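K.L.:
Each chain, written out:
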Amino acid sequence: MNVITDSHVEGTVEHEDHGLSDLGYIKIALLLAVLTAIEVLTYFVDFGVLEVPSLLILMVVKFQIVISYFMHLKFDSKIFSYLFITGLVLAVVVFAAMATSLVFWTDPAGCDAGRFC
Amino acid sequence: MKARRRLPLDNATEVNTSQLAYGPTEWDDYDVPPLTTGLSNEKMTMWAFLGSDCLLFAALISTYLLLRNRVGPDTDGSTAAELFDIPFTSVSSFVLLMSSLTMVLAVTSIGRGEIERCKMWLLTTATLGAVFIAGQVYEFTGFYREGLGFTTNISSSAFFTLTGFHGVHVSLGIIMLVTLWSLISRGNIGAERAETVEIIGLYWHFVDIVWIVIFAVVYLIP
Amino acid sequence: MAITEEPPLILELESGETKPSTGAFARPTYAKGWRAWVFTVDHKKIGIMYGAVAMFWFLWGGIEALLIRTQLLTPNGTVLTAEQYNQIFTMHGTTMVFLVIMPLAAAFANYIVPLQIGARDVAFPRMNALGLWIFVFGGIFLNLSWFLGGGPDGGWFAYAPNTSVTFSPGAGMDFYAMGLQIAGIASLVGAINLIVTIINMRAPGMTLLRMPVFTWMILVVQFLLLFALPVITVALVLLSLDRTFDANFFNVGMGADPLLWQHLFWIFGHPEVYILILPSFGIVSETLPVFSRKPLFGYSVIVISGAAIGFMGWGVWAHHMFVSGLGPVSVAAFSATTMFIAVPTGVKILNWIATMWGGKITFTVPMMFSISLVSMFTIGGLSGVMHSVAPADTQQTDTYFIVAHFHYVLFGGALMGLFAGMYYWWPKAFGYKLNETLGKWHFWIVLVGFNLTFGPMHILGLQGMARRHSRYGPEDGFDFWNLMVSIGAFVILIGMIIFAINIVKTWLGYKAGTIEQSPADPWDGRTLEWSIPSPTPEHNFDYVPVVTDLDDFWHKKYQKDENGKLRKVADGNAIAQLGDQHPHLPSPSYWPIVLASGLPLIALGLIYTLWLTGIGLLVLVAAIYGWSLEPHTDPDVGHGHGDDHDDHDEPDGDHSENLIDSPKDESTEEAPVG
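Residue numbers (the numbering used here), protein chains in the order written: chain A, 1 to 117; chain B, 1 to 222; chain C, 1 to 674.
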C-alpha cells in the first residue's frame, strides 16, 4: 500500500539510509568467508576438545550475520524478527527436547532392544 | 499527484518509518485503509513462511542426526559420513555463501534504480546456485558409485532426504531468480517493485543459512 | 448523543498496474451463478464454501461412526470385517479432524475475522481461494482410496512401521499420506494469510488488545498451524519415501526406531488438538458475553491464557506416548508439563462462568450450545487431567476411557462451540436466523445423544475395553454399555437430521418471504460485524470504522450516565452502516482452482504412474506463472466507471505507467511509495 508520510516526500525506494553500503556487504561477505575457512580448518587441524564447540559457535555466528545483515533483520521492524525467531527458537527447543528424550532419557532396559542410547 | 487521506497508524507497535517504502501490492487498486503496521504484506508473508520452514529443516536435520549411525541386522554399506569429501563440500559451501553476497548486491542495485546491474547480479546469483547444485549432483553420484544409494541403509536415506530437500529449495530459488531476471528484462518489474527482489532475496539467504547449519552439523561435526 | 458518521475513506491508490500483462486470460467477472463461487476471491463466499464442504464430510464421518457403532452394537458383530473396521475407524478420525473440525474453524475464521477487524477482505484474496480449493481436492483425494483398493487402515495417527508396505500393503496409506500433505498445504496457506491479515489489516485504532477474542484465538491457531504443519509434513514425507521409494526410515531391520514416527507425529499432533479447540473457545468467548449482556470477564486473561495454551502445547506431546517405552525420565517430565497445561484452560472456564454470573441471560440456541461447551469440555478436561498422571494413564491408554476423553473435548467442546457459531452468525451470513424451536430440539437431542454415546465409554474403558478392536466377546461383560453407546449414536443422528431440516426449512422460508430478514444487529452484539447489514454486503464496510475501545460497537450503543449506570444511547440497527457504497474489490481469478487441481494429480502420479505427476507439475507451474502475471483487475471492470468514483480526479490513462526505470522518467519520482 502506498501512503505518503512526511519522511518520504522524496518518494524514493532507497534502502541506503538504513542497512549497509555495497562495500559494507562485501566486507561482511569477506568475514563470512574467513569464518568458513576456520570451520574448514577443523578438518585439517586437530582442535581437540574444542572442535565441536568451535564449529557450533562459528555456525551460530555465521547464521546470525547473514540474518542480521544480508536479510536486513537488524534494520527492519521487530515484527519480522518475532515471526522468524519464534519459528527458529521453537524448532531448536522442541527438537532438542525430542533428541534428549530419545537419546538421553531413554529407558535403560530398551538400550539392548534398539533404543537410541 | 493524487491526494491521500492519512489515517492514524497503530501506535501499539514500533514502526520504522523508513520501512514504509514498498512497491505495489495485491491491494493497490482497491479501496482500503493503510496497513496497520506500515509494513508490507508480502514481506511479512515471506518471513512467516521462513519461520515455518525452520521447523521443516529442524525435523529433517534431527532425523538425520538421530539416524546417521544406526545399524540393524540388515544394514549394509557405509554411512554417508564415511564418504564425505570435506574439501570439495567446503568449496560448494563457499560458492553458496558468495551467492548470498551477489543476491544482496542485486537488491541494493535495484533499490538505486540500477536495473541492468541488478539483472547481472541476479544472473550471477542463479549461476552460483547452479554451481552449488552441480556440486551436489557430482557428490551424490560419487556416493552412488561407491555403493551409497538412497535405499542402501537408514543413514543414506536420511542423508539424501535432508540434502535433497535443501537442493530442491535451492533449485526453486534458481527458478525464481531466473524468472525475476526475465520479468525485469521485460519491464514488468522496475524500481518501484524493488521489494519483490528483496523478498526473493530473503528466501535465497534462508536457503544459505540452512546450508550453514547443514555444513557444520552434518559434514564437519564428527 | 450524536453519532458522527465518518466520511467515506476511499483512498486514491497508485495503480502499480504492470505493463501489458503476460497473462493469457483476463480475469473473470462473474457475479452470479456457479462461476461466481468457483472463481471467487471473496472471503465470505470462501468461508461459506469451507463450511458447506465440511458439513458434507461431517455427514460422511458420521456415517463412518454409525458403521462402527453398528458393528459394536452386539458382541462378535458381523457388520464389518476386521480389515474394514480398521479402515472405517481410521477414516472416521481422519475425516473428523482434518475434513470437518479444521475446515469449519476455517469457515468461521475466513468469514468473521475480516469483519471483526474492520477489513474489506484478507491480505491475499486469491491465496485464500487457493486454500479452499486445495482443501476440497485434498478431501476428495483422501476418500478416493475407498474406490481404489481400500481406505487407509493404520489409525489416524498412522504409526510406522505398522503403516509401512510390509504391514499395510494396499494403497490406502499412500492416499492418507499424500491426502494429508495436500490438506496441510491448504491450512498452511490459510494460516499465513490470516496472520498477515490480522497483524496488518486492522481498522485504525484497533490495537491488538482491542481485538475480539475470537480473532485472537484464530491468530494463535494460525501460528500453531504455521509451526506444526512442517513437522507432520516431514513425518509423512518419510513415510511416503519408505512406502514408495524404498527408503529405510522405519525399517527396523536397518536400525529404525518406531519412536521416531511417534515423536514427529505427536509434535504436530498435540498442537493440532489445540488448533481444533481454540476456535471454539473463541466463539463462546463471543456468544457468552452477548447473551449474558455482560462484558467478557477478564478479557486480557482470556487472551493471554489462549496464547499460553498455544505456547505450552509444544511441551506436552509425549503424553500420547506414555506406554511406548520412553523411559521414566521422559514420562515424568511430560506428565508434569501436561498437568501444567490444564491451568490456562481452567482459567478460561472460570472466566466464562464469571462472565455469565450475574448477567441477564437469554437462552437462545447459540447460548445453549455455548454453555454446553463449558460444561462438556470441563468433563473432557477432567478425564484429560486423569490421563496426565502417567501411572494412571498406563491403565487408561488404548482403552475407551481415552476415546471418551477426546470425544468430550472435541465433540462436546469443539463441535458444540462450532454449532453455537453457526446459529449465532447465520443471520450475518445469510440474512435470516435459523429457527429457534427446531434449534432447541437439535440442541437437546444432540446433547442427550452425545452424553449417552460417550458417557458410558468412561465405564467401558475402565472395565478394560480396548480401542481399535473390531469386536468384543460375549464373555467380556461389555454388552450393556455398548448397546447404550450405539443407541446414543443414533440419537445424535436424529438431532443432526433436525439440524438439516432447520437449514432447509429456513432457507425455503426466506426465499418464499415467510421468514423475516434479519437486521444488522439481531442479537444486540458487541463486535464490529454487527455494525454492518445482514447479509453482509460484498464490500463489508462502507467506511472503515475508527476504533477507540474494546467492544467498540457496544460502547456506541451503551454508555454510562452520570450515576455510572449503563444506558442505551443508540439502537444497533439504527447506527449500523447502510451497505450502499461500491468500493473496488479484488477481481475473481481462475488460477487458484487451477493451481489446486495440480496437486492431486501429482499425488496420484506418485502412487500410480509418474506421467501423472509430470502433468500435475506442469499444471502447477503454469498456474503459478498465470497467477503471478495476471492483472490486478480486469481492465474492463472497475476503473473508469464514473458513477462510483467521484473522488477520482484523473482519468484512467494515468494508471498504466511505464514502470521501466529510465533517468528521464519523472513519474517514478512522484510514485508515492510511502
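I should point out that these hints are in silico values taken from the structure, not numbers from a laboratory. One thing to keep in mind: the hints can contain errors.
DEER-style ranges, computed between Cβ atoms [unchecked claim]:
1) A/Val45 x B/Asp74: 34 to 40 Å
2) A/Gly24 x B/Asp76: 47 to 53 Å
3) C/Gly477 x B/Gly72: 29 to 35 Å
4) C/Thr166 x A/Val45: 43 to 49 Å
5) B/Phe88 x A/Val34: 27 to 33 Å
6) C/Leu617 x B/Gly72: 42 to 48 Å
7) A/Ala96 x C/Ala570: 54 to 60 Å
8) C/Trp37 x A/Leu30: 55 to 61 Å
9) B/Ser78 x C/Leu610: 25 to 31 Å
All values derive from a computational prediction rather than experimental measurement. Heads up, the beta-carbon is just placed ideally off N, CA and C, and yes, glycines get one too.
K.L.:
A separate judgement is required for each hint: does it hold in the structure or not?
P.N.:
Hints, one by one, checked against the model:
1. A/Val45 x B/Asp74: 34 to 40 Å: Holds, at about 38 Å.
2. A/Gly24 x B/Asp76: 47 to 53 Å: Given a distance of about 52 Å, which is inside 47 to 53 Å, the answer is holds.
3. C/Gly477 x B/Gly72: 29 to 35 Å: violated (43 Å)
4. C/Thr166 x A/Val45: 43 to 49 Å: holds (47 Å)
5. B/Phe88 x A/Val34: 27 to 33 Å: violated (20 Å)
6. C/Leu617 x B/Gly72: 42 to 48 Å: At 35 Å between Cβs, range violated.
7. A/Ala96 x C/Ala570: 54 to 60 Å: Holds, since A/Ala96 and C/Ala570 (Cβ atoms, about 56 Å apart) stay within the stated range.
8. C/Trp37 x A/Leu30: 55 to 61 Å: Check passed, 57 Å falls within 55 to 61 Å.
9. B/Ser78 x C/Leu610: 25 to 31 Å: holds (30 Å)
Hint violations for this structure: numbers 3, 5 and 6, all remaining hints satisfied.
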